[in-house]
Amino acid sequence: MHTDQSVPGSHATPPLWRLLIAVPPVVAVSVAGGLVTRAKIPTWYADLAKPRFTPPNWLFAPVWTTLYVLMAYALWRILSLPKNLPGRTAAAALFFVQLALNSLWSFAFFGAQSPLAGLIVIAALIVAILSTIIAFWRLDRIAALLFVPYLAWVAYATLLNGVVWQLNS
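Residues 0 to 168 (numbering that gives the first Met the number 0) make up the sequence shown, in order.
Be careful, since some hints might not be right.
[To be verified] Now the in silico label distances, taken between C-beta atoms and shown as ranges:
(1) L58 to V26: 17 to 25 Å
(2) A45 to Y72: 31 to 39 Å
(3) K82 to P61: 32 to 40 Å
(4) F95 to A122: 15 to 23 Å
(5) P13 to A122: 32 to 40 Å
(6) A151 to W57: 18 to 26 Å
(7) Q165 to T88: 36 to 44 Å
Keep in mind the hints are simulated off the structure, nothing from the lab.
By construction, the Cβ of each residue, glycine as well, lies at the ideal position given by its N, Cα and C atoms.
From just these sequences and the hints, can you work out the full model?
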């Protein structure tokens, strides 16, 4: 990792900016997803046929809260690296692509009440998460490893989404 702070542009993003870049977008996605999801849980989602391995509804909030904290911290770590470090900008951009897809899934699955649309979005999300992990790994292995629980949960959610689509088609 390049750490020569004497090279112009090699300094990291200042701590306050790191916080403002990493946390509010993640919180916004969390809140938006929660709003569109929460309204559909007791109505549309409750009426869907679901597989036996569907977790209880109360589990989703603490799992997602934990994953969002890990995601924001991972981005904060990437933003802590020198600005001119090759791959840093691309890694941050990939982070925001996966974050947008994360948000889009809630609107596709719950908002549009479409397990098929959700499945399409979540498949793209898996690719974006893997791409982010690879980009982060090249820069900061801890940041990349912070994404592994997220990948595992989204892989599980992909299976769940696929079975829900199949059972309700």
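Hint-by-hint comparison with the structure:
1. A hinted range of 17 to 25 Å for the beta carbons of L58 and V26 is consistent with their spacing of about 20 Å.
2. At about 34 Å, the beta-carbon gap between A45 and Y72 stays in the expected band of 31 to 39 Å.
3. Against the hinted window of 32 to 40 Å, the Cβ-Cβ separation of K82 and P61 comes to about 35 Å, which satisfies the hint.
4. F95 and A122 have their C-beta atoms about 19 Å apart, which keeps the hinted 15 to 23 Å range intact.
5. Between P13 and A122 the beta carbons are some 37 Å apart, a value that agrees with the proposed interval 32 to 40 Å.
6. Between A151 and W57 the C-beta distance comes to about 20 Å, which sits within the given range of 18 to 26 Å.
7. For Q165 and T88, the Cβ-Cβ distance of about 40 Å falls inside the hinted range of 36 to 44 Å, so the restraint holds.
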